[in-house]
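Trainee: Chains as they are written, first to last, in the working numbering: chain A, 88 to 330; chain B, 112 to 321.
The reader is advised that the hints may include incorrect statements.
Here are the simulated DSSO-like pairs of lysine-lysine, each with C-alpha atoms no more than 30 Å apart in a straight line [as the list claims (entries may be wrong)]: (1) Lys160(B) x Lys275(A); (2) Lys192(B) x Lys303(A); (3) Lys311(A) x Lys161(B); (4) Lys161(B) x Lys306(A).
Honestly, the hints are just simulated from the structure, not real lab data.
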Amino acid sequence: MQVMRWAISYPDRLDHAIVIAAAPKLSAQNIAFNEIARQSITSDPDFHAGRYYDYNTYPKKGLMLARMVGHVTYLSDNAMRDKFGKDAIEGNFGRDLRSGKLNFSYDVDFQVESYLKYKGETFSSQFDANTYLLITKTLDYFDPAIDYDFDLSKAFADSQCKFLVISFSSDWRFPPERSREIVDVLLKARKPVSYLEVEADQGHDAFLLPIPRYIKALKSYLGKVANDIAEQEAMPGGNADES
Amino acid sequence: MTLQNKKPCRGETLMRADLKMIQKWIQPGSRVLDLGCGTGEFLAYLKQKKNISDCGLEIDEDNIDLCLQAGVNVIEQDLNKGLSNFESGSFDTVLLAQTLQTVERPDILVEEMLRIGGNCIITFPNFAYWRHRLKLLTGGYMPQSSALPYEWYDTPNIHHCTIRDFDTLCRDRDIRILHRTVVDFKNRSSFLMKLHPNLFGMNAIYHFTR
Numbered sequence: 088m089q090v091m092r093w094a095i096s097y098p099d100r101l102d103h104a105i106v107i108a109a110a111p112k113l114s115a116q117n118i119a120f121n122e123i124a125r126q127s128i129t130s131d132p133d134f135h136a137g138r139y140y141d142y143n144t145y146p147k148k149g150l151m152l153a154r155m156v157g158h159v160t161y162l163s164d165n166a167m168r169d170k171f172g173k174d175a176i177e178g179n180f181g182r183d184l185r186s187g188k189l190n191f192s193y194d195v196d197f198q199v200e201s202y203l204k205y206k207g208e209t210f211s212s213q214f215d216a217n218t219y220l221l222i223t224k225t226l227d228y229f230d231p232a233i234d235y236d237f238d239l240s241k242a243f244a245d246s247q248c249k250f251l252v253i254s255f256s257s258d259w260r261f262p263p264e265r266s267r268e269i270v271d272v273l274l275k276a277r278k279p280v281s282y283l284e285v286e287a288d289q290g291h292d293a294f295l296l297p298i299p300r301y302i303k304a305l306k307s308y309l310g311k312v313a314n315d316i317a318e319q320e321a322m323p324g325g326n327a328d329e330s
Numbered sequence: 112m113t114l115q116n117k118k119p120c121r122g123e124t125l126m127r128a129d130l131k132m133i134q135k136w137i138q139p140g141s142r143v144l145d146l147g148c149g150t151g152e153f154l155a156y157l158k159q160k161k162n163i164s165d166c167g168l169e170i171d172e173d174n175i176d177l178c179l180q181a182g183v184n185v186i187e188q189d190l191n192k193g194l195s196n197f198e199s200g201s202f203d204t205v206l207l208a209q210t211l212q213t214v215e216r217p218d219i220l221v222e223e224m225l226r227i228g229g230n231c232i233i234t235f236p237n238f239a240y241w242r243h244r245l246k247l248l249t250g251g252y253m254p255q256s257s258a259l260p261y262e263w264y265d266t267p268n269i270h271h272c273t274i275r276d277f278d279t280l281c282r283d284r285d286i287r288i289l290h291r292t293v294v295d296f297k298n299r300s301s302f303l304m305k306l307h308p309n310l311f312g313m314n315a316i317y318h319f320t321r
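Same shape as in the complex, but just chain B (with noise of 0.2 Å):
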């Protein structure tokens, strides 16, 4: 249980080989808003290599200045109270990277990154996962892994979605799934996942639209 307490930091959930991925779905030019940006790494790679236009919103205090260091355009706003303050299709592509899980009403963020961006982009852990599974199913507790760090009593996921909810949510909703990759702990993928993503896959990247 080494990983407790841990912080979450976008370097490590979301690796290079997730940002390699989800970078060939942004247009050079385009505008981009990260949900939850994190330290900026990603929108300041964005900028770097397709001369974006970046926008990220952030709550933690350190995130927010390391954006300010990297020259990321950074909001200090909290996803949970809404984003009404961002117009209908301002924005090319909207982004939400491992912070589903941790919003009050994932279903409401999804309808709204649809309203501001054609282009929505989610990556999250699947709870799914066999290593997830096997742990819950032997040992009788709430799992822990790489993407799961936290003690069920101090996370701040509140709610664990697997990939097959995902894709029923985007079903009922009538989203448009764009591209669907599950990756493991080392953003590999493998045959095992495309054959079975939801036991297979550890991280779960959603390209989408309506």
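With the rest of the complex left out, here is chain A (with noise of 0.2 Å):
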């Protein structure tokens, strides 16, 4: 989404812009998953209105439920059935269990419980309150057909780059259909555009991963605009620093 900004922003400075696991403003269902995860930072005592660091301390639980929750978004149902579905009972769901048996307890009892829990413990200890507020309220707030009368495809009028979109098909965070309506606003702006629909089982953390058609089509893509600076370069005169 920050290349989109750029591609409208500095539109001289970008000759090609790559989007992945887009979408051209967040949903309702975005923000709402973001709302929690800035209500449990915010509720943590620790918290302390923000200076935290004041008080030598920082809001370790409120950190930890939100990345626990931002997790889950970033997975499909099939990613964590697969990561967690590995003991051999038929139909296990993705139901490992951690000691082996169920403790009928509120402590750990399914491997997919102590992940989340050390995910969110880690992350807690790693990024700082503050930001991470900052951040999902920035997500938020970015939209960037607000300048351009709501239509975005005014928003990209003065972009010269080449886009390249590509989504993921067990991406519910960023589906398809959004970075979809990326491509048709772009379409609409009448600018030079690809779009790929990776068949991938990961959920939105797929664009992370070495996933075999998606690492293709990017080499395809970076190979054609190296060759094109190569033959620039080879150009008497040529100028490739553009790029």
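Make the complex out of the two chains shown on their own, each in a separate frame, by following the hints.
Mentor: Next comes the structure, spelled out in structure tokens:
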């Protein structure tokens, strides 16, 4: 989404924009998840209205909860089943047990619970709470169309670059439909755009993973870019610095 | 029957002679939408020769990748799901090569092509080609040829049509045919084909508008 902003605000500085697992703006559902994360942080007694460093502490529990809910939205149902369904029980549904038996307590019974707890704890010691609040708010407010009569195609009117938009089939946080909206807006603005929807089970996380078709497409696209630059440089008086 | 399981490839079905014929109808610097653009070969050619603004639709993963390699703008989109995301008049020429017979509603697609671009070009294998007729008549089998290389049970071609069929569609829908050419498997045209296009033409090439 940052690259869309660059294509809009700095049209003469971009030759190519690759927009991966994005959306024209966040949906109500996206904002809802961000709000849950923010509420977790701000309602932590250690938050101290954002002045937690004055008290030599930080909202560890809040950050942990924020990360746990965030993490679930990055994965897909199938991805979680695969990750936590290694026990050879038919129809396991990703319900691997941590200690091999159910304890019928509020402690950790399932692998997925201990995984989320671990992810949350690691994150809480590495990420600043105010930064988390600000970044999620920035995402919520992101809407480049606001300055262009709510017509995103007008926002891209001056863009000079080529676009490659990529989405992942099981991404329900930034689903393929949102990416297709970007593509349609670019078509409306008559900009050169390519689009592919990569079949992947890993949810939004897929964009970080070496999925063969995804990697191949990036390689093909960037390979062509590299070739074009090499050709430009080979030409007398050629200047490839613009890229 | 060595042709079975052959992958559809634009390079084979739309050969250079076809390209030559079609490219005459495409204005330099115009906007061209290629529906089912295959490997992107034709758009890449037009880009280089005529400096067109290109856009291709394709669903085959390998073809899409070849388009990216060639620097052709390609969108993964199924023609059967409609083209409502394309604005009316947003392209100068809309091309549909060797794909008409594979879509669910060819008539709706033709209407959509006319809506999106004033100039439309369609090529398709003529089912009434004499060799096809002969195979059906003498053998009683669904015809196979280099234009129709599939077994009946495993073919993308679900709406075969003939030159006469397409002429009728154009007449019924008030579509104006600007050019119509029929060619044989080597993309040659001959006196016989001009005399009896529906019998001797293997591939039909239409250039039309409304």
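Trainee: Run every hint past the structure and note whether it holds.
Mentor: Results for each hint:
Straight-line distance between C-alpha atoms of lysine 160(B) and lysine 275(A) comes to about 25 Å, which keeps the hinted pair within the 30 Å bound. A hinted pair counts as satisfied when its Cα atoms are at most 30 Å apart, and lysine 192(B) with lysine 303(A) qualifies at roughly 26 Å. Simply put, lysine 311(A) and lysine 161(B) have alpha-carbon atoms about 20 Å apart, close enough for the 30 Å limit, and the pair holds. Our distance criterion of 30 Å between C-alpha atoms is met by lysine 161(B) and lysine 306(A), whose separation comes to about 27 Å.
In summary, the structure agrees with every hint in the numbered list given earlier.
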